[in-house]
Structures are given as C-alpha cells and as structure tokens.
Amino acid sequence: MMMLVTSNGSVYVLKISDVDKLSNSINDIFDFLGDNGTEQQKIDFTTEKLGLNYDKNLSNLEGYFLRVFENFGISLYKANNSDLSDWSNLKL
Amino acid sequence: MIRNFTSRILAVLFFIFFCFVSCEKDEVEPVVEESFFPRLKGAAITSKDLSSNPLAYRRLMDYLEKPIAKSTIGIELDTTFIRFIETDSYKSYTFKIKQDSLDRSRTLKNFVLTYVNDTIQIQQLVDYPVLESGALDMENIVSVRLFGDELLNPFTAKCSSGGPSYYQYEYQYCYPVYCSISGLHGPGEPCTIDGVQRGYTNCVTRWQTVFVDQGSCESITISDGNPSGGGGGANTPSDDDDNIIIIPANPTDPENPCPNNSLSEGGGDCMIVNDEPEDQLPDPVINELNNLIKKDTSFVKIKDVVNLMKTKTTDSVEYSLSLYKDLVGGEEFTKRRTTQLVRHKSLTSGYVNIGSFDFCNIHTHPLGTHGMFSFQDIVTLKTMHDSLN
Ligand SMILES: [Zn+2]
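Same order as they appear, the protein sequences are chains U and F.
All residue numbers for the first sequence refer to the numbering used here, where the first residue is 33 and numbers rise by one.
All residue numbers for the second sequence refer to the numbering used here, where the first residue is 690 and numbers rise by one.
Treat the hints as calculated values from the structure; they're not laboratory data.
There could be a bad hint or two in this list.
Claimed, not checked - With a straight-line Cα cutoff of 25 Å, these simulated SDA-like cross-link-like pairs (lysine to any residue) come out: (1) U:LYS123 - F:LYS1001; (2) U:LYS110 - F:PRO876; (3) U:LYS110 - F:LYS983; (4) F:LYS983 - U:ASP118; (5) U:LYS110 - F:LYS1071; (6) F:LYS755 - F:SER778; (7) U:LYS88 - F:ASP1004; (8) U:LYS88 - F:GLY1044; (9) U:LYS123 - F:GLY877; (10) F:LYS983 - U:ASP67; (11) F:LYS1071 - U:ASP52; (12) U:LYS110 - F:TYR1013; (13) F:LYS999 - U:SER107; (14) F:LYS990 - U:SER42; (15) U:LYS53 - F:ILE809; (16) F:LYS983 - U:SER114; (17) F:LYS999 - U:PHE64; (18) F:LYS1071 - F:ILE1043; (19) F:LYS1034 - U:ASN68; (20) U:LYS88 - F:VAL1006; (21) F:LYS1001 - F:PRO973; (22) F:LYS1014 - U:LYS88; (23) F:LYS1001 - U:ASP115; (24) U:LYS53 - F:GLY837; (25) F:LYS755 - F:GLY837; (26) F:LYS1034 - U:GLN73; (27) F:LYS1071 - U:GLN72; (28) U:LYS81 - F:PRO743; (29) U:LYS81 - F:LYS1034; (30) U:LYS123 - F:GLY837; (31) U:LYS110 - F:LYS990; (32) U:LYS74 - F:LYS787; (33) F:LYS1014 - F:GLY1057; (34) U:LYS123 - F:ASN976; (35) U:LYS88 - F:GLY1057; (36) U:LYS88 - U:LYS123; (37) U:LYS53 - F:GLN1065; (38) F:LYS1071 - U:ASN68.
Predicted model only: the values in this text are computed from it and were never measured.
Assemble the whole structure, with the sequences as input and the hints as a guide.
Here it is in structure tokens:
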C-alpha cells in the first residue's frame, strides 16, 4: 500500500484491489505511447500530463483522480481524523 | 499500427492526455459499496408456512390435490422442507423433488417457484449434477422454465411452439477471501512472512437471472443471440433491466440443510446472507489500516511518522519512509526501513524500497506539488506489489 501526506494535511492510502486490472491499464498506457522511449520516460511523460490535468481540477482532485483511475483496480482511502483511527473509502 | 484499445483505456487516455478543459466535477463521498445482487433473507419453511402467501399456497394445494400419477411430469415434491428466499421484488420457494437414491447420486433435482411482486409466477426445474466428490457441479446447472398457472404442468405452456421461451443463465459470483494473520490481506497478498498462505478469490456459481415477462408468445420471446421461434422482439436482459430478477442458485436438499439466512454453495458449505450484507461487512482495507496503526506501538509509530511528515510538507523536498514486515519471536511485526525519514533531492523525487517484505511506503507531496497520488506513485505501487512475497 502507499500512504500519502499532502501539504494541506490530508492523508491518503492507495491500495490495489485488482492487480490484473492495474497491470493491464498501465500496459495500455505504455502501448498508447508507442514504441519509442523507455518505460520510465513513458511514466514521466504520463505523470507530467496527469499533473497538468490535476492543475485544472484542483477544486476536486479526489473526484478527478477517482474518475481517471476508475477502472485501474486501485482504491483510494482518506483518513478522517489526525488520529488515523477513522478511514473512508472514497468513491465516485 | 492499429491498437485495439478498450473503451476503458480510451476514457483514461482522454482524461490524462486530452482533457484540456476542467473536467467534470464529481462530488466525492464515501459510500457503501453498491451490490448488484439483491439483498435477501432466507429461511427454511414447511408448506403450512406458505399460507402467508395466498397465491403460492393455493397453487401448491391445487397441485397436491392431484394424484401424482396424473401429473404430466410425474414429479413429486417434498413439502416438508422448503427453502424460502425473499427480496424486495420477489419471494422464491425451492422444493426438493423426491428422487430415488440412484437418481439422487447423479443429480439433485429442485423445483423453484417464484412470485415477483406477489403476482407474476415463475416455475423452474433446476437440476444440479453431482460430481464424483459428491459435491454439486455448480457450473453445469440445468434449469428449465415452465409456463402456465398450474404447477408442474408443461402442457399449460403458453408458448410451446418454436424456440426458447425462457431465458436464464448462471454466472460466477466471486468474492475475496481475506486472511487475517496480521492485518487483513486480499487476494494474492501474503498472510505470513514466508508467503505460503495468501488471500485469494473464491468464485461460486450462485446466481441465475430470470427474465420475468410472462405474457403472449411475443412478449415471452427472449433472444439468446439467435432468433427465437416466438417471432417477437429481441428483448434481451440488457435492453430492459426492469424485467430481470436475480435468484440465487440455492441447491436445496433436506438431508443437507443450510441454516436460515444462508445459501448452499453446492459443496456442503453454506454462505451466510442477511438483509443488509454490505453494511455489515467491514472494509478489509480499513481493517488492515486499523490493525496496522492500532497495533503499532513499538516499532514504527505510524501516527508519529505522519505527524512529522505533515510538518515537512513546506520543505522544498519530498520525504518518505518505507515499512516492511519482520518476524520477531515468531510474530510478525511492521518495521521502518530507516530510522529517520528519508529526505529526497527535490520536490518530486522519491525513493521507494522494493522487496519481498516491503509492503508500504509513506511519502509527502510538498507544497507546490499535487495533493494526490501521481502516475509514478501508481506504477510504483504495482512494482511494490509484484516484489512482495
Ligand atoms: Zn507521490
């Protein structure tokens, strides 16, 4: 799992719910980006493009993220308190 | 080169690469998982209990008054043990058909009588082949729908000529089986440090869909991909979901009864159901987080790590910490890969420990970067998963 602490104090957890879906989705993106370039270049490129779209969706980043990665086989959780004792599974 | 992208990935590509205007704003709310399957209650009843449903009771009594020999199919129902299932839209009664022991050793035969909205009657003969192990072959259920008001009288079929006049299929219902030796671990994830025990996905053929419509030949006509003999429209389930009900395939045998509020899985096991199943099932990831954080008293102190990270998000570099599983005195514990937070070179550069026991990474996205996981994070998560024991 991956835990993220953001500058506004939010704490998120990203967890794989379906590894085959995740694998296929990532590979589809790599395929889409063609035969030139290394995998890391493709990851960097996509990370940057995604970041630009995050900029346009700052008012609802969570919703944007869930929408883009709806079928990636990953699930997003958010801590409801600073005690990390209460979590929500965020959904569209 | 032509690439064959699914609609799924096209949508993602659109969002990532071509979404030049602010994309639709969906409000995010934590919600309870919607289940495609109906919420149901189940019980074992006798024919007397059926009197609470006057139509079903009358039809059954009419049937029972007939000499069995005159019954056109010659089927005799065991009315001492009826599996009753109730959902918002239907009530369903499953009877075991009386069989001799030789016949039973090959097949379990059930009769399923369903009333949709207390009016529409659906009759089905359902055969479950018996496997060599004695378990039922839930993947090869044979189900035939009978038409007409009288029970078990095929000659009352309203559409006896031509092709299929019913539509149904069974399909797999899969659910994750979590192991909970330390935390909860989903399908494929190791439960023990040696990775021998893992969570897995269990699939059972449990549900069948039945097309409800029961009128003229035209309206009964259901397409199964081939034109049917009824000459009517191709009303597939996908065209009109309102006409579909989902009935659990619930093999019923008084000799091997499942408790109330449970369904038979065909191999002797029973699956507990209840009227609010989704609400009562704990989210396994939340359980895992709670186990991870609440049991975490000595080695990691995740709350302290997170609180410390919160003070570091104004720094112009990213911080991270990787956690791994370690065996201490035969017990599995979560530990830090490094005693201190790892300070990286820039706002967005990070480093994640990848290895057989490295199951978790915590990191910051500093001020000026995005308050959400990056695509790199998602790929890294996958890499971590692949390397886990
Ligand atoms: Zn990140």
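Hints versus structure:
1. U:LYS123 - F:LYS1001: 29 Å, violated
2. U:LYS110 - F:PRO876: It holds: about 22 Å lies between the C-alpha atoms, which stays within 25 Å.
3. U:LYS110 - F:LYS983: Holds: LYS110 (chain U) and LYS983 (chain F) sit about 16 Å apart, inside 25 Å.
4. F:LYS983 - U:ASP118: 11 Å, holds
5. U:LYS110 - F:LYS1071: Holds, at about 20 Å.
6. F:LYS755 - F:SER778: Violated, because 30 Å separates the two Cα atoms, which is more than 25 Å.
7. U:LYS88 - F:ASP1004: 24 Å, holds
8. U:LYS88 - F:GLY1044: This hinted pair is violated, its Cα atoms lying about 36 Å apart.
9. U:LYS123 - F:GLY877: Roughly 23 Å between the alpha carbons, so the hint for LYS123 (chain U) and GLY877 (chain F) holds.
10. F:LYS983 - U:ASP67: 47 Å, violated
11. F:LYS1071 - U:ASP52: Holds - the C-alpha atoms of ASP52 (chain U) and LYS1071 (chain F) are around 10 Å apart, at most 25 Å.
12. U:LYS110 - F:TYR1013: Measuring from Cα to Cα gives roughly 22 Å; hence the hint holds.
13. F:LYS999 - U:SER107: 23 Å, holds
14. F:LYS990 - U:SER42: Status holds; Cα separation ~18 Å.
15. U:LYS53 - F:ILE809: 40 Å, violated
16. F:LYS983 - U:SER114: The hint holds at about 13 Å.
17. F:LYS999 - U:PHE64: With a Cα-Cα distance of about 37 Å, the restraint between LYS999 (chain F) and PHE64 (chain U) is violated, given a limit of 25 Å.
18. F:LYS1071 - F:ILE1043: The given pair, whose Cα atoms are some 10 Å apart, holds under the 25 Å limit.
19. F:LYS1034 - U:ASN68: Roughly 28 Å between the alpha carbons, so the hint for LYS1034 (chain F) and ASN68 (chain U) is violated.
20. U:LYS88 - F:VAL1006: Cα-Cα ~23 Å, so holds.
21. F:LYS1001 - F:PRO973: Given pair LYS1001 (chain F), PRO973 (chain F) is violated - Cα atoms ~30 Å apart, limit 25 Å.
22. F:LYS1014 - U:LYS88: 39 Å, violated
23. F:LYS1001 - U:ASP115: 18 Å, holds
24. U:LYS53 - F:GLY837: The given pair, whose Cα atoms are some 45 Å apart, is violated under the 25 Å limit.
25. F:LYS755 - F:GLY837: Within the cut-off at roughly 16 Å; holds.
26. F:LYS1034 - U:GLN73: 19 Å, holds
27. F:LYS1071 - U:GLN72: At roughly 14 Å apart (the allowed maximum being 25 Å), GLN72 (chain U) and LYS1071 (chain F) satisfy the hint.
28. U:LYS81 - F:PRO743: 64 Å, violated
29. U:LYS81 - F:LYS1034: 22 Å, holds
30. U:LYS123 - F:GLY837: Not OK: LYS123 (chain U) and GLY837 (chain F) at ~45 Å, beyond 25 Å, violated.
31. U:LYS110 - F:LYS990: 19 Å, holds
32. U:LYS74 - F:LYS787: 65 Å, violated
33. F:LYS1014 - F:GLY1057: 33 Å, violated
34. U:LYS123 - F:ASN976: 18 Å, holds
35. U:LYS88 - F:GLY1057: The given pair, whose Cα atoms are some 14 Å apart, holds under the 25 Å limit.
36. U:LYS88 - U:LYS123: Given pair LYS88 (chain U), LYS123 (chain U) holds - Cα atoms ~20 Å apart, limit 25 Å.
37. U:LYS53 - F:GLN1065: 17 Å, holds
38. F:LYS1071 - U:ASN68: 22 Å, holds
Hints 1, 6, 8, 10, 15, 17, 19, 21, 22, 24, 28, 30, 32 and 33 from the earlier list are contradicted by this structure; the remaining hints agree with it.
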